[in-house]
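K.L.:
Below are the chains, spelled out letter by letter.
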Amino acid sequence: MIYRSLFPRDVLSELDRLQRELQQTFHFSPSIRGIARGGFPAMNVGGTPQSVEIYAFAPGIDPATLEVQIEKGVLTVAGERKLPVAAEAATVHIDERFAGRFRRVVTLPDDVDANAVDARYRDGVLRISIARKQSAQPRRITIQ
Amino acid sequence: MSDTAPVKKQSVADEAALLPPVDVIEDASGITLYADLPGVTKDKLHLQIEADTLTIEGEIDLEMPGGMEASHAEVSLPRYRRVFTLSKELDAGKVAAEFNQGVLKLSIPKAEHAQPRKVEIRIA
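Line by line, the protein sequences give chains A and B.
If you read the first sequence in my numbering, its first letter stands for residue 2, the second for the next number, and so on.
If you read the second sequence in my numbering, its first letter stands for residue 10, the second for the next number, and so on.
Rather than coming from a laboratory, the hints here were simulated on the basis of the structure.
All of these numbers come straight from a predicted model, not from anything done at the bench.
Here a beta-carbon is modelled for each residue, glycine too, at the ideal position from N, C-alpha and C.
Watch out, some of these pointers could steer you wrong.
Claimed, not checked - So the derived list for chain B, only partly shown, Cβ under 8 Å to chain A, looks like this:
1. 30
2. 32
3. 33
4. 34
5. 36
6. 37
7. 47
8. 55
9. 71
10. 74
11. 76
12. 77
13. 78
14. 79
15. 81
16. 83
To be verified - The calculated DSSO-like cross-link candidates involving lysine-lysine, where the alpha carbons are at most 27 Å apart (straight line), are:
17. B:127 x B:97
18. B:53 x B:103
19. A:83 x B:97
20. B:51 x A:83
21. B:97 x B:119
22. B:51 x B:114
23. A:83 x B:114
Please model the entire structure based on the sequences and the hints provided.
P.N.:
Given below as structure tokens:
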């Protein structure tokens, strides 16, 4: 009797390929800095005619240790999240929360004013509000 | 059929929600659970223990300027929900909760009788 593999090809590499394909389907514009989703902190970005709003979901961090930087139109949010270390006698059943250093980068639109930035931390969310340049804002022209 | 038929209210549990990441650590005195719920205010956090089911629920409440259009969203739903089944030796009546900067800490002690005890054996 000949033992035959149940699956014709290596299952794991097939699964890998499937996962890659799925990721490419869902990430319409893969960023040069890698896959944007799934990092810490999670980020939402939105805009109004007056400002660009960035929300970074980074719970349980001392705001004084957060580093927010804008350089050449790129916004960087970096810091470190320290979690209480479990005692040796304790058992860790679930370990899903992020711990360690993090850094995330967002490319800003060209019309923002890097000098008019407002950053606030509330309920574990860092909100960065960057005003758009005065000249870029829509203006109503009165007809004489 | 008739207008007076009671409208079936969609229960909160049916709405789509995000699954918050948690850490669960157990030691001799009980279980400590940490959950990340960024964006949830204290009054929008709901904790419930019913029989042996622990439900953690929270609504995200962000300050948003009027007319904002989202261009990229990783947190795509406005609420979190996660349900756990507690085991019998835990004392659901003595759960202590802390909520700080989006992190929930729940301490669930073990019932008196379930705590480990050292049994002294005397040799006659």
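K.L.:
Next, verify each hint and record whether it holds.
P.N.:
Hint check results:
1. For residue 30 (chain B), the interface hint holds, the least distance from its beta-carbon to any beta-carbon of chain A being 4 Å, beneath 8 Å.
2. This hint holds: residue 32 (chain B) has a C-beta 5 Å from the nearest C-beta of chain A, less than the 8 Å allowed.
3. The beta carbon of residue 33 (chain B) is positioned within 8 Å of a beta carbon in chain A (closest approach about 4 Å), and the interface hint is therefore held.
4. The restraint placing residue 34 (chain B) at the interface with chain A holds, with a minimum CB-CB distance near 5 Å, inside the 8 Å limit.
5. Taking 8 Å as the C-beta cut-off, the interface hint given for residue 36 (chain B) holds, the closest approach to chain A being about 4 Å.
6. The criterion of a C-beta within 8 Å of any C-beta in chain A is met by residue 37 (chain B), whose closest approach is roughly 7 Å, and the hint holds.
7. For residue 47 (chain B), the interface hint holds, since its Cβ comes within 8 Å of a Cβ in chain A; the closest pair sits about 4 Å apart.
8. A hinted interface residue such as residue 55 (chain B) counts as satisfied when its beta carbon comes closer than 8 Å to some beta carbon of chain A; here the least separation is about 15 Å, so the hint is violated.
9. At its closest, the beta carbon of residue 71 (chain B) sits 6 Å from a beta carbon of chain A; the interface hint therefore holds under the 8 Å criterion.
10. Taking 8 Å as the C-beta contact cut-off toward chain A, the hint placing residue 74 (chain B) at the interface holds, the least distance being around 5 Å.
11. Annotation: interface hint on residue 76 (chain B) holds; nearest CB of chain A at approximately 5 Å, less than 8 Å.
12. For residue 77 (chain B), the suggested interface contact is upheld, since its CB lies about 4 Å from the closest CB of chain A, less than 8 Å.
13. A hinted interface residue such as residue 78 (chain B) counts as satisfied when its beta carbon comes closer than 8 Å to some beta carbon of chain A; here the least separation is about 6 Å, so the hint holds.
14. About 4 Å separates the beta-carbon of residue 79 (chain B) from the nearest beta-carbon of chain A, less than 8 Å, and the hint is met.
15. About 4 Å separates the beta-carbon of residue 81 (chain B) from the nearest beta-carbon of chain A, less than 8 Å, and the hint is met.
16. Annotation: interface hint on residue 83 (chain B) holds; nearest CB of chain A at approximately 4 Å, less than 8 Å.
17. A distance of roughly 21 Å separates the Cα atoms of residue 127 (chain B) and residue 97 (chain B); the hinted pair therefore holds under the 27 Å criterion.
18. Among the hinted pairs, residue 53 (chain B) with residue 103 (chain B) is consistent with the structure: their alpha-carbon atoms are about 22 Å apart, no more than 27 Å.
19. For the suggested pair residue 83 (chain A) and residue 97 (chain B), the alpha carbons sit about 32 Å apart, so the restraint of at most 27 Å is broken.
20. A C-alpha spacing of about 22 Å is found between residue 51 (chain B) and residue 83 (chain A), which places the hinted pair at or below 27 Å, so the restraint holds.
21. Restraint check for residue 97 (chain B) and residue 119 (chain B): satisfied, since their Cα atoms lie roughly 9 Å apart, inside the 27 Å limit.
22. A hinted pair counts as satisfied when its Cα atoms are at most 27 Å apart, and residue 51 (chain B) with residue 114 (chain B) qualifies at roughly 13 Å.
23. Annotation: proposed proximity of residue 83 (chain A) to residue 114 (chain B) holds, straight-line Cα distance about 15 Å (limit 27 Å).
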